[in-house]
Amino acid sequence: MSLHDQTSSSFLPMIKRSVIATIIAFFLFLPTLGIKTSASGGVDGLFLTYRWLLLAIGCGLIFVGRIVYELFWAPKDGVQKPAKAQFGLVKALGSAKVAKTIGPLLLVFAVAFPFLPFSDRYILDLGILIITYVMLGWGLQIVVGLAGLLDLGYVAFYAVGAYSYALLSIHFGFGFWMCLPLAGLLAATWGIILGFPVLRLRGDYLAIVTLAFGEIIRIILLNWRGFTGGSNGLSSIPRPSFFGLPFNQDPGGFAATFGLEYSSMQRIVFLYFLILALAVFTFFVTARLRRLPIGRAWEALREDEIACRSLGINTVNTKLSAFAIGAMFGGFAGSFFAAKQAFVSPESFNFMESATILAIVVLGGMSSQLGVVFSAIAMVGGVELLRQLQFLKVIFGNDFDPSQLRLLLFGLAMVLMMLWRPRGLVSTRMPTVFLKDKKTVSAAMISQGRG
Amino acid sequence: MSQPLLSVNNLTMRFGGLTAVDAVSFDVYRNHITAVIGPNGAGKTTAFNCITGFYKPTDGQIVLRHKYDKEFKLEEMEDFRISQHAKVARTFQNIRLFGGMTVLENLMIAQHNHLMKASAYTIGGIFNTPSYQRAQEAAKQKALAWMDRVGITDRADDPAAALPYGAQRKLEIARAMCTDPVLLCLDEPAAGLNPKESEELNALLRSIRDNDDVGILLIEHDMSVVMEISDHIIVLDYGRKISDGNATEVRNDPAVIKAYLGVVEE
Chain A
23 MSLHDQTSSS FLPMIKRSVI ATIIAFFLFL PTLGIKTSAS GGVDGLFLTY RWLLLAIGCG
83 LIFVGRIVYE LFWAPKDGVQ KPAKAQFGLV KALGSAKVAK TIGPLLLVFA VAFPFLPFSD
143 RYILDLGILI ITYVMLGWGL QIVVGLAGLL DLGYVAFYAV GAYSYALLSI HFGFGFWMCL
203 PLAGLLAATW GIILGFPVLR LRGDYLAIVT LAFGEIIRII LLNWRGFTGG SNGLSSIPRP
263 SFFGLPFNQD PGGFAATFGL EYSSMQRIVF LYFLILALAV FTFFVTARLR RLPIGRAWEA
323 LREDEIACRS LGINTVNTKL SAFAIGAMFG GFAGSFFAAK QAFVSPESFN FMESATILAI
383 VVLGGMSSQL GVVFSAIAMV GGVELLRQLQ FLKVIFGNDF DPSQLRLLLF GLAMVLMMLW
443 RPRGLVSTRM PTVFLKDKKT VSAAMISQGR G
Chain B
279 MSQPLLSVNN LTMRFGGLTA VDAVSFDVYR NHITAVIGPN GAGKTTAFNC ITGFYKPTDG
339 QIVLRHKYDK EFKLEEMEDF RISQHAKVAR TFQNIRLFGG MTVLENLMIA QHNHLMKASA
399 YTIGGIFNTP SYQRAQEAAK QKALAWMDRV GITDRADDPA AALPYGAQRK LEIARAMCTD
459 PVLLCLDEPA AGLNPKESEE LNALLRSIRD NDDVGILLIE HDMSVVMEIS DHIIVLDYGR
519 KISDGNATEV RNDPAVIKAY LGVVEE
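In order, the protein sequence lines correspond to chains A and B. Each residue of the first sequence is one higher than the one before, starting from 23 at the first, in our numbering. Each residue of the second sequence is one higher than the one before, starting from 279 at the first, in our numbering.
Okay, chain B solo, but in the shape it has when bound (with noise of 0.2 Å):
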């Protein structure tokens, strides 16, 4: 296998005395999605804050990889420029959309840092630049190019906050992939879908694993999503890596077996 997209290296996270991720090493691929799985308050959640930047860890090192051997230290960066920069976009358990704002709007401040420099900061947008003008039509299509993927056109101009439960999930999807990037975190998406969104959320995963050239890291709890999606599982459990394979290793191995439900005493 190639080299992977993101590394990451023993990392520790701690709050005060209480240590929420503990030596956590593991390896994420381009063109694959690879699920974190564990009971509840196994540290999934906070893992991925790390990767993401919305939290520092306390050790350990995150490196991603673009093309060309590009290299970024994760865990040294802000969480701005971790998306701005290292191109690595994420979706929140509970739904954060710019609710009052429309579907396309919602598209179009994801490609705010690329609209910036075409509107030469501001200054080039307030005389309405021929360049601009390109840029910002360009910028339409590709959100309509995501809303079409994820089925939400013809909410385009309604509020974001007026979208059903499942539809908001997809758009915010749609939003993190408007970013451009070549890792997408996605935390819990199938949190509160029914069997028929599931379903669909499970095809629009793979289309996205396949066609776009990123690696997909997700955290689940709903287990048909993720074993039948899931290319790599990582299973934590009190902080700690207890296993790490395909679905039925992961499914086949004790350790886990164990930590869900369990172990009969003897």
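Looking at chain A on its own, in the form it has when it is part of the complex (with noise of 0.2 Å):
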């Protein structure tokens, strides 16, 4: 058959696939660009404003768009295409020896980033934002990656060690690293007391579980008003200090011990390199704990659990181990969160934090640590980036808010991940222990586990 018989045979089912696509984003786009509800401030509150032009306009490109990818890049005559070799960069992440250069290199720089030209304090804020996240993601990436339990209430243990620093530090007057190891410890406890009926539950019914439990954290927060302050919180929460020296102008302060100007940025660096302490401590207990009989135990568990009892392991407590230990680091993050914040109140622990963390560990790859991180800076810091996109004002005019597309572009990079990284920027694991070389292991054989 030549080439031409073949374009002009799948040209119609083309335009037919075409066709059907548009008639589909037609009723999609209907009710979000055709009609726009506004308020008046009349009798009849809302009314409606009809968009047509705009709807023709989203269908067209749906149609072109549409045939565009049928000639480009749809598998031919329903044959998938093999694999194409993956990005470079993204594949490099997941070798052994790019993770030992990058690692570093990162490290260097995250110690460095203050002391950088342009960080100014919302630039430093910025990074402790995204530090923080990419130490939860690191704990949650024990229960979720490595255990492959599906925990949707991640938030909860976030908000115990939260709640844990503030209630301890105002009620009686403990320091930062006094409340450290108890939140972190009462996080764990939660972990257990959680983890204690719903590990009998797998896959979607835990996660229903654990989605609630995070909720019920919240809903208490909010309404045990005696004790957490309700929806009002508890402020004035003392802030930590360097060594017992606190970052203010007194003469006993932080800056006139050293005979440094007193600088409110001061605090701030403080800040960021406590956070980057604890991500680091964080980095290199999780990893070790991934060598040790305890981790392997608990990726068998991930990959097989009925074989994993067969072999003799308690696969109760080795759930409860991962739970507890996952949410420790939760605690401490929240601990931190509170001394950072000296306000916590319950919208702090909203789903949508879980749901975040649970983004960076899925988006980032299921035991990477380092994927983790570029995770956690494309989804914080991705944010915050369309903020800085106020120059698209002039293109689309001054009502134009670029921060009100995240959600849209959030969908869009999930969407964009399922096509291309369905199992996250680095889905090879690597060996706990191996015998000559160590060769990562293929996305394809890893279980991600039914728990």
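Since the hints were made in silico from the structure, they are not lab data. Keep in mind that a hint or two might mislead.
Claimed, not checked - Below, computed lysine-lysine pairings styled on DSSO-like, alpha-carbon distance capped at 27 Å:
(1) K461(A) <-> K420(B)
(2) K418(B) <-> K365(B)
(3) K418(B) <-> K461(A)
(4) K420(B) <-> K458(A)
(5) K536(B) <-> K458(A)
Two chains, each in its own frame: build the complex with the hints.
Have a look at this one:
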């Protein structure tokens, strides 16, 4: 068959598929693009404006886009093309050597970050936020990535850590370094308390119950006014000090003691290094845990629970340890959060937080610590980047607010991930022990866990 | 003969109205290969799952004796404790390996309980204490020794799921043996193997029987394996034991011939 014949024979079905896509798009766009509701000050309350032109443009784009897709990317004759070579950079992240190089480079960059010329208060705050999420991601990675237990309520442990610090420091005057281990311990305890009834469940059921647990903690915080301050939260939490030296203008403060001029930046830089140190600690402990018998048992649990039991592994204890240790790091991060904000309220611990942390782990790759760093930068930094796109106002007019596109771009990123990197940025795993050479295990072999 | 390693007495397992295993009794001895055979649905795997704790038997006693007269009542124990304390290891009819983990990792996980203690339940492991390092190295050597014995050393650093089927079967046996069992239960170890692989399996099982001081209990359909290596054969049909003896006795037992071939109506 000549090339010409092939093209003409696939032309009509192509148009048909494009028309179907356009029809679907029409119904999707009708309420979103086609109709705009505006509030009027008058009696009617709401009135509708129809934007037929915009709707037509949207549908037209889908039609043309579908044809372009069919011509250039779509699998021919329904045959799936063999997976293309992965993008160089992303693939490289999975290899041991590259990870060993990028890791220290990232750490050096992170240490130098506050002293770089562009680092103002806003940038440093963003840095603190990103590192907090990296740390939370590493904590959740133990539960979701290694042990394969889908936890949708991780933010509960973050909240336990934050409120532990807040309450202990307000009522008992404990300092940050004393509260930190206590917060971690309390969060781990809650991890075990949650774990006991829940770990009989598997898969979707486990996800739903952990989701509920996250909400229960938030609602308790909201309603137990006498203890947690309810929706007003807890304010005037003591800020962490530099080995007893507070960051203020007093003669006994940090700046005066070291003969420096007082600047509010000193406290921010201190907080930055504090969370960096906590994150580095988390990194080394989780990396070490993975290579220990307990870490191998977590991964074995994800691969095959029944086989684990046949080898004499107590699966309940193993799951609980994953939950507790993951929760502990969430507690540490929460404790830092409370110290940084000097204010906690239930609003900071809604489901969106759990979803963001989970998305960071999933996008990063279930068992790659480096992947989590990059996905946290993309997820948290990317959102902030949107706020910076004010110059787009020149094109789209003054009403245009780029940060409103956040969820739209979020969705787009998810779709792209599903197409190109369904198992996360770094989908391979490193063996924890090897005989001759360490080869990465490809994603196709790795089970995703059903519990 | 000395005391049996495992005594199954009056084992009964009912699922609702269905009696899958009906008052079955047999013994398994150390350094013996005991085979359980029977037509499909005879209750072999169910009996097996009762012994290894994956099912709780409706009735009956399963007693495992270690040396020095230490006894375990398996019907009262949880599955993972049976492996951990009573030292009963098992493989599965449909292979259950940790596919995304390497061959070596699979064999290390089998030594989990030993290594957990050596790592002082993780605390010593985090600080990489010398005693933990020694235990880890010893575990690696043991894994290596078993890889050598079953002949998969060259695939040590490959994921288990990437191994060919025959090698996966061998790895599963090696993994079970890494738990230091006194009783090794194999659920259809020859299923899906070609004649050459079956031969290798026979040799491996004989070597384990003769050198490792374990009793082997196996379920098998492949008669070339069963008749050749078994010291003792138990035949089940419809959940009942219909015959018990060595290969020749079982082969000539009219009840067995009837169960497998049917009986000619006069």
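_Holds or violated: K536(B) and K458(A), Cα atoms, limit 27 Å._
violated, 55 Å
_For K461(A) and K420(B), compute the direct alpha-carbon distance and say whether it is at most 27 Å._
Status holds; Cα separation ~21 Å.
_Given the hinted pair K420(B) and K458(A), is their Cα-Cα distance within 27 Å?_
holds, 16 Å
_So if I understand the rule, the pair passes when the alpha-carbon distance is 27 Å or less; does K418(B) with K461(A) pass?_
holds, 17 Å
*Straight-line Cα separation of K418(B) and K365(B) no greater than 27 Å?*
This hinted pair holds, its Cα atoms lying about 20 Å apart.
Of the numbered hints listed earlier, the single one contradicted by the structure is hint 5.
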